[in-house]
Amino acid sequence: MVEAVLHSAGIFKKLIDSIKDLVSDCTLACTRNGIRMQAMDASHISLVSMQLNSTGFQQYKCSKKFNLGVNLVSLAKLLKCAGANDSMKIKASPHNDTLSLSFTNPDESIISQFEMKLIDISEETVSLPAENNVCIAKIPSGEYQKICRDLLTMGEDVRIQASPRKITFSSFGQIGSGGFTLQQNIEDENSKISIITDEKIDLTFTLKYLNLFAKAGPLCDFVTLYLSPKSPLMVEFTMGQLGFIRYYLAPKVDEANESDDEDDDKDMKQD
Amino acid sequence: MVEAVLHSAGIFKKLIDSIKDLVSDCTLACTRNGIRMQAMDASHISLVSMQLNSTGFQQYKCSKKFNLGVNLVSLAKLLKCAGANDSMKIKASPHNDTLSLSFTNPDESIISQFEMKLIDISEETVSLPAENNVCIAKIPSGEYQKICRDLLTMGEDVRIQASPRKITFSSFGQIGSGGFTLQQNIEDENSKISIITDEKIDLTFTLKYLNLFAKAGPLCDFVTLYLSPKSPLMVEFTMGQLGFIRYYLAPKVDEANESDDEDDDKDMKQD
Amino acid sequence: MVEAVLHSAGIFKKLIDSIKDLVSDCTLACTRNGIRMQAMDASHISLVSMQLNSTGFQQYKCSKKFNLGVNLVSLAKLLKCAGANDSMKIKASPHNDTLSLSFTNPDESIISQFEMKLIDISEETVSLPAENNVCIAKIPSGEYQKICRDLLTMGEDVRIQASPRKITFSSFGQIGSGGFTLQQNIEDENSKISIITDEKIDLTFTLKYLNLFAKAGPLCDFVTLYLSPKSPLMVEFTMGQLGFIRYYLAPKVDEANESDDEDDDKDMKQD
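Protein chains in written order, with my numbering: chain R, 1 to 271; chain A, 1 to 271; chain C, 1 to 271.
Don't take every hint at face value.
Each pair of labels, with its calculated beta carbon distance range [unchecked claim]:
hint, chain 1, residue 1, chain 2, residue 2, range
1, A, R149, R, V73, 17 to 27 Å
2, C, D25, R, V253, 33 to 43 Å
3, C, A29, R, N132, 48 to 58 Å
4, R, V73, A, N85, 34 to 44 Å
5, A, S63, C, M40, 52 to 62 Å
6, C, M40, A, Q241, 49 to 59 Å
As a list, the in silico BS3-like pairs of lysine-lysine whose alpha-carbon atoms are at most 27 Å apart [unchecked claim]:
hint, chain 1, residue 1, chain 2, residue 2
7, C, K117, R, K208
8, R, K166, R, K215
9, A, K80, C, K146
10, A, K200, A, K166
11, C, K208, A, K117
12, A, K77, C, K166
13, A, K215, A, K77
14, A, K20, A, K117
15, R, K215, R, K117
16, C, K65, C, K14
17, C, K146, A, K215
18, R, K117, A, K252
19, A, K146, R, K20
20, A, K192, A, K146
21, R, K89, A, K192
22, C, K192, A, K89
23, A, K14, A, K77
24, A, K80, C, K138
25, C, K14, C, K80
Reference listing, derived: stretches of chain A covered by chain C, where coverage requires no fewer than 3 residues with Cβ under 8 Å from a Cβ of chain C [what the hints assert, rightly or not]:
hint, segment
26, 74-80
27, 105-111
28, 114-124
Source of the hints: derived by calculation from the structure; they are not laboratory data. Cβ atoms here follow ideal geometry from the backbone N, Cα and C, with glycine treated the same way.
Required output: the full structure, derived from the provided sequences and hints.
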């Protein structure tokens, strides 16, 4: 049996909204320590990993580990019934085929109560990429969203180039080429942009997925990108003590780059 | 001849918008006492009754009773030409086949003037259900709108259950079941929710119509539901001295309930 | 070579947005004095004339006159990448087949840089109508936008009638007829409406084009209409020192009016 209370139904709503377009059916693993979900997207290209810590809930009880098979599209529909400032209670037990959700408005005059049907789903074994982070770039999540959306008007891929205190997102297509360069202000300790890297990074990703990850933007003010040569990108959104959501995406393999790494310094790759 | 001046074209705009999706062609009956409209919706399932009192207008003159045949969709289009803070003047006469509308902006620098073609329509005799109100529930119209809209994501019907100081709107469908419970705070004299009932109410209605009625929500802060066992629901929105708009809808006949009323206490009906 | 810096990318964005639905491919003529564009719309019915003065830019350099062939739809897409408060730099040279655009956000932490492909386009020789302005009407551009949009619900044409201190825009169609009268308050020196005319004006135009011109509304608070009997209308939006955008449209020829001008005083023409 799991029973969990969260002050803000809104944060759970945003969380499910940020996953449902990538993964529709998934397994929520409930344990004493919290609720965890790891899944590949429907086209088996990207990975999502979500962790909600028991300590981040206002109340959390789970007597023993068990799995909930959930359709996230249905769950997102139910969560639309929650008011922006409602608190939320989730309840489920291994003996039951429904997930129970209830929302209470601030003055407790309106209580809504829903039973959602659970689904049978065989647990996917997902192995997350090894952590091997040469470059860590922290940028405002609003800027991340805008850049990913704007570059879609240019092309289908995004080239990410990073060097100390500087990261560039660029694209090219029919109408031309171009991109965004974000720079850390070293004189400003509170710079909203921070790029730490040991070596130069130059990787290309499918823009569509970076845009799908951007749906988690409303969860927090900043997003952190973890980049390493020839390794998957990890895009992380944290929700304070409550936990995090992480997305993984492998870079596109570029034959020119494979055989010859010397063109790293060109500003725009247009092959 | 009728000639009427209203301080706010906006309220008339909202009024027509709240009817036009139910009733397209209707008869406005103009008398010394005001303007009245009663009609069934196109599928002959629900009823609308609107009353505008002569005393609610800034000026009102009507020498003798006559009927105006109006297409409400055209009227709603013309009313879009009114600014939010414009005043409005309506003019029509039995000898004329047009309705004259004019709008004046607050500083009187812009006056708009329209002639709308009237239509020939035989007056429908509509008999309103007898008033027999066992339960009167007053709730914020914003909540009514949200509940009706949210339940559409669940199912096609809404079950309304009322007991003293408590009303529940619930639904069920493919993804699960659930609903909203609104409770009157008896310790708070200014409680925004008030439910007065002599006996327990348990009725089911087609959600689509309750959503159509919800379009009148912008007309006032509160909506009042009048409920009686086996009788049509009346949903009332009042506009102060100006009058009201009322919608009527018969409950769905449920055979199980007909033969056996004892399942009133079950929280959710899922047959 | 032309190199120009503008404090606000936003104004350039609005400018291109106000032209791109009329003219997709055009020639920007760059000279020492600024950038000029004159083109007919795709259906060869209306004319657009844009002038950006070198003195309106924060920096402007152009060594010798040359033409840039630009697809405005692509340019509008690129300009969406500019933040609302970004500054903008444009660069192009006759030897290059791209236009270079860069945007810088207020704290200079984000710089975006784009290369847009130029197009081959033979310069259109456009002869602007002679200036012969009997009537000059200045009205708030928000009102102009609202009137043009609202009249579309009535009909396809707009009849513009002007007399000293008064201008009427009217239309008629299936649902009826009507229009807007704007009046100058002679007692108020700061009247937002000013209509100066030597003689009575009565002209009819295709509403669709007046609506397309209205897209320039966000560029400035007021729009000026220049009207003369049997002559094209000029609709002008000015951007202070930076320049202007002007649209030209010939009136519809009405045979009744041609042979007989005496019906000028009728309020609404419904032939």
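Quiz item: So does R:V73 sit 34 to 44 Å from A:N85, Cβ to Cβ?
Solution: holds (43 Å)
Quiz item: Between A:R149 and R:V73, does the C-beta distance stay in 17 to 27 Å?
Solution: With Cβ atoms ~18 Å apart, the hint holds.
Quiz item: Does the Cβ pair C:D25, R:V253 satisfy 33 to 43 Å?
Solution: holds (38 Å)
Quiz item: Taken at face value, is the distance from the CA of A:K192 to the CA of R:K89 at most 27 Å?
Solution: Roughly 24 Å between the alpha carbons, so the hint for R:K89 and A:K192 holds.
Exercise. Assess, step by step, whether the Cα of C:K208 is no farther than 27 Å from the Cα of A:K117, and give holds or violated.
Key: Between C:K208 and A:K117 the Cα gap is close to 24 Å, so the pair holds against 27 Å.
Quiz item: Has the given pair, A:K80 with C:K138, been kept, meaning a C-alpha gap of at most 27 Å?
Solution: With Cα atoms ~24 Å apart, A:K80 and C:K138 stay inside 27 Å; holds.
Practice problem: With a C-beta cutoff of 8 Å, work out whether three or more residues of the segment 114-124 of chain A approach chain C closely enough for the coverage to hold. | Solution: holds (count 4)
Quiz prompt | 27 Å Cα cutoff - pair A:K200, A:K166 | solution = holds (10 Å)
Quiz item: Counting residues of the segment 105-111 of chain A that have a beta-carbon nearer than 8 Å to any beta-carbon of chain C, does the count reach 3?
Solution: Satisfied; 5 residues make the cut.
Quiz prompt | Distance restraint between R:K117 and A:K252, which requires alpha-carbon spacing of 27 Å or less | solution = Within the cut-off at roughly 26 Å; holds.
Quiz item: Does the Cβ-Cβ separation between C:M40 and A:Q241 fall within 49 to 59 Å?
Solution: This hint holds: roughly 57 Å between Cβ atoms.
Exercise. Starting from A:K20, check that the Cα of A:K117 is at most 27 Å away, please.
Key: Roughly 17 Å separates the two Cα atoms, so the pair holds.
Violated hints are absent here; each numbered hint is respected by the structure.
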